[in-house]
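Engineer: Residue numbers (this note's numbering), protein chains in the order written: chain H, 111 to 373; chain D, 65 to 391; chain Z, 2 to 401.
Bear in mind the hints are in silico, worked out from the structure with no lab data behind them. Hints may contain errors.
Straight-line C-alpha distance at most 27 Å; calculated BS3-like pairs for lysine-lysine [stated by the list, open to error]:
#1 Z/K70 to D/K183
#2 D/K385 to H/K187
#3 H/K182 to Z/K289
#4 Z/K65 to D/K183
#5 H/K194 to H/K242
#6 H/K178 to H/K139
#7 D/K183 to Z/K68
#8 D/K390 to Z/K291
#9 D/K265 to H/K128
#10 H/K254 to Z/K392
#11 Z/K5 to D/K183
#12 D/K179 to Z/K70
#13 Z/K289 to H/K224
#14 Z/K289 to H/K238
#15 H/K224 to H/K182
#16 Z/K9 to D/K179
#17 Z/K69 to Z/K5
So, partial list: chain Z residues that the calculated Cβ filter (under 7 Å) puts toward chain D [what the hints assert, rightly or not]:
#18 V37
#19 L139
#20 D193
#21 G372
Think of the CB as a built atom: it goes at the ideal place given N, C-alpha and C, for glycine as much as any other residue.
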Amino acid sequence: MEPILNVKNLTMNFGGLKALDDITLAVEKGQIAALIGPNGAGKTTFFNCITGIYEPTEGNVKITPPGKPTQKLQGLKTNLVTEKGLARTFQNIRLFEGMTVLENVMIGRHCRLKSGIIGAMLKPSSQKKEEKQAVVDSYEILEKIGLAQYVNEMAVNLPYGAQRRLEIARALATEPFLLLLDEPAAGMNPQETKELDDLIIWLRDNEDLSILLIEHDMKLVMSLSDNIHVVDYGRKIAEGTPEEIKSNPDVIKAYLGDESEDA
Amino acid sequence: MRLFNIILGVAVVGPLGFFGIKEIIADPVYFLELFLGGLTRGSIYALIALGYTMVYGIIQLINFAHGEIYMIGAMTALIVASVLGLWGWNSAVIVILAIVFAIVYSCAYGFTVEKIAYKPLRTAPRLSALISAIGMSLFLQNYVMLAQTPEFMPFESLIPDFQFWEPFAHIITAVEMTIIVTTVITMILLGMLIKFTKIGKAMRATAQDKIMASLVGINVNRVISTTFVVGSATAAIGGVLIACHVGQVNFFIGFLAGLKAFIAAVLGGIGSIPGAVLGSLVLGISESMFTGYFWSEYEDVFAFTILVIILIFRPSGILGKDEISKV
Amino acid sequence: MVTKKEIKLSFVIALWFMVLTFPIMVIKVNTIKHIVIFRWENLLWTGIVCFFASLIWNYLLRIKEEKKKSDTKDDIPIVHRLLQNEKFRIPFLAAICLFAIAYPFVFSMYHTSILISALIYVMLGLGLNIVVGLAGLLDLGYVAFYAVGAYAYALLNLHFGISFWVVLPISALLGTIFGTLLGYPVLRLRGDYLAIVTLGFGEIIRIILENWDELGNGPRGIGNIPAPSFFGHQFNQHNSVIYIYFVVIALVLLTIFFVNRLENSRIGRAWIALRDDEIACEAMGIDKFKTKLTAFALGATWAALGGVVFAAKTSFINPMSFTIWESITILCVVVIGGMGSAIGVIAGALVLILLPEYLRAVAEYRMLVFGALQVIVMVFKPEGLIRSIRKTYKFEKTKE
Ligand SMILES: Nc1ncnc2c1ncn2[C@@H]1O[C@H](COP(=O)(O)OP(=O)(O)OP(=O)(O)O)[C@@H](O)[C@H]1O
Ligand SMILES: [Mg+2]
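This is chain H alone, in the form it adopts within the complex:
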């Protein structure tokens, strides 16, 4: 079977800097895959390239959504990538500060709804129904993620860990088949990390999702992942199961000095 995400020879140049250098990587359906590497290795840049936020210098990105034919992703605008079924979170939390928690999730529903400007002003019954459904759906997502208690809070007033989870909730609302998480555990305490761990596994098993995550917390990565990709200075240096990665000499070398105690 085709992998649901298939990236070939992805390269990204910023002026003289090669932030990504010929990266080839695939994610299989139902997998939890991890992308790891030291600071500045190019992990976030990788996400930005496949989601259309940056335009990669070279390479191609293909997806095969479950039950649909394989299609090209590069060259699409970010919002279209999301419509195709890739949703992401951000390393530096980017919630909509002027909105409530529920509304943040409803923004995620945006691309699955239809009502336009005339509909909003005249509010025919179809639009009323759609809006009601959106509220219900969004609330259900919040319940799943465990944020229902905060529904009407402003997103900025949430504790840090909850904000990270809200980013995930918002991404889920776009009905993705592949979830891209950029350091979801950053800044969380061990208790919150544990809950996140459970949540990610739950998502894979119950929501029919595949997940690609960037993470620095090695304990989390090793316990969660089916497959790990390691990048360093924009190049992919290893790929394999947690066991293989742990004993890979190249990986140890790349991490030595900054995070060797975790690896």
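Please arrange chains D and Z with the ligands on chain H, whose structure you already have, making use of the hints.
Structural biologist: Only chains D and Z with the ligands this time, still in chain H's reference frame:
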């Protein structure tokens, strides 16, 4: 798309070039006059545009109050010159003092404006800072209008009217010559400031990356203040020169001049200092040609049309670089 | 509360401002008569005012810092709390209605006419609020669309005799078209260029109106624009003011009604999200450009509607009614009232327009104060006079 651009370019430039050559041959002196007029105009734009582009380069803010700094420079020169003139001081001393006061006061105003309206908003959303800038501009205009007068005030030229050799004398005036020469000197000095001095290097570093700059020990607040002060100084020079050229000043002159200079900065590539100069000259000369050969009533419309065209086809300007903002 | 250090600092700042404002505040030259007047009293006043202003400024800055650290939740503005209170809301709204209906019969034509102007600003403010407050697009040429509406009515009426009620939808459409045409090339670009281009566009429209004599008589303008008719019936002058008053009230209510619906709709939420974070917005599947364009065009539509009413009210228009000051005034209404907050904008329009009308003595300081207020609001209270609040939803727990 590329082919389309080329065809479009040829379609526009071709007839214009043809028309231009025909006109030049028909009346070369008129053309030369227009050209020099445009050069003068462009020089003034350049002096103002520098402030815009430097501030934008460092804090990514359109400093709407910059035009007002320029106006205050011209006003101060007028006031100082009038007072000293009435006291019967020597005219050379008056010239020097008027210019010095204009520069010093503009710098002080630029410095103060930044501290009041922009510094508290360093981390606020961009829209807030922009609105604050508009508020500041509105305030300064009305402050000068209420404290002085809404009328135009005649400005007696500070520049002595010396004669050139024929045949130059009747195509360029002493004031125009002074403007062009002063601008060139200012540009050279500014270029040296930015290239060779410590503060100039700090400015370039801050423009590239504020956080990195502060990590290597650069006092970012000081660099920002300095940028405002330097930009204000060149604007003040522009203000005094244009006041001499046009012969009158009021509280509103900063609005249009500021807008045009901003357009010039965008045309050249905002954030780029050589770009600002080039953009100003291109805008000044083409404006001069447009008013000289076509409709003079639509001078300002022409400038805005240029702006829109540039923004559509080359938003990064003539010398600007396309930068991908970090996510 | 105020430390000694702060007093000292304020003293230095006051001195700085005394020096800074000296040439402009103290010296007054008359270059025609060659007289110089020194107004020393201004020096003193500047010093005193700046001293206290600086004290207050620093004090407010300190409060703001402390608030940021303690991250206390801001409470809901009193107006919203009152409006949410069922017991209060109905009598309150009824009182406003009664007042609004009785107003033109109780007060003179002069007062009614002033209130009409203020209400037109309410409409314009609410329209611009969509663009600036909700979508976060800084439009400095809003008056251009206002002019489009006003001239559309004046010209269509002059040449074809088309009536107010027919022009109203036509001009709305024209506003949308102009908004789309201008927005199309510009909205793709970095946000702050929009400010400059719209500023330029506003000026272009005015310059064209001034110079294109055949179109609208240039600076002489167009006169004798008829007031709206009531099913073909034209009122006399007095009644016609009252009639326009009610037409404007109806339009304002309609605006509030639509704006309210828009704010809590799919599109409205997308606007706010776009204002808060463009990149996240795109990553949520929102078409940035299309969403911006709808906000911009809808704002333009409202401005055009306002223009038609304005032309009908004054019965004479010329380019001088559509200067940059007009755009700035509307912007002030939105910013000072509260960006994104409909109630704030309504309050802002009424206060900012009515106050200078009745306080004639200070009217000339209007723009000075507006400018200062814009800076002060942005620095200390970016949410404006009355902050917006978001809709809340009630749920029964479905799980547990
Ligand atoms: N828009 C940009 N312009 C220029 N350089 C960039 C840009 N975005 C990223 N870079 C550079 O690319 C490199 C990779 O950055 P990236 O953010 O992808 O790293 P990362 O692996 O996510 O690191 P971290 O673990 O710190 O998040 C860095 O050197 C960064 O400075
Ligand atoms: Mg990263």
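Engineer: Hint by hint, which ones does this structure get wrong, listed from lowest number up?
Structural biologist: When the structure is compared with the hints, none of them turns out to be violated.
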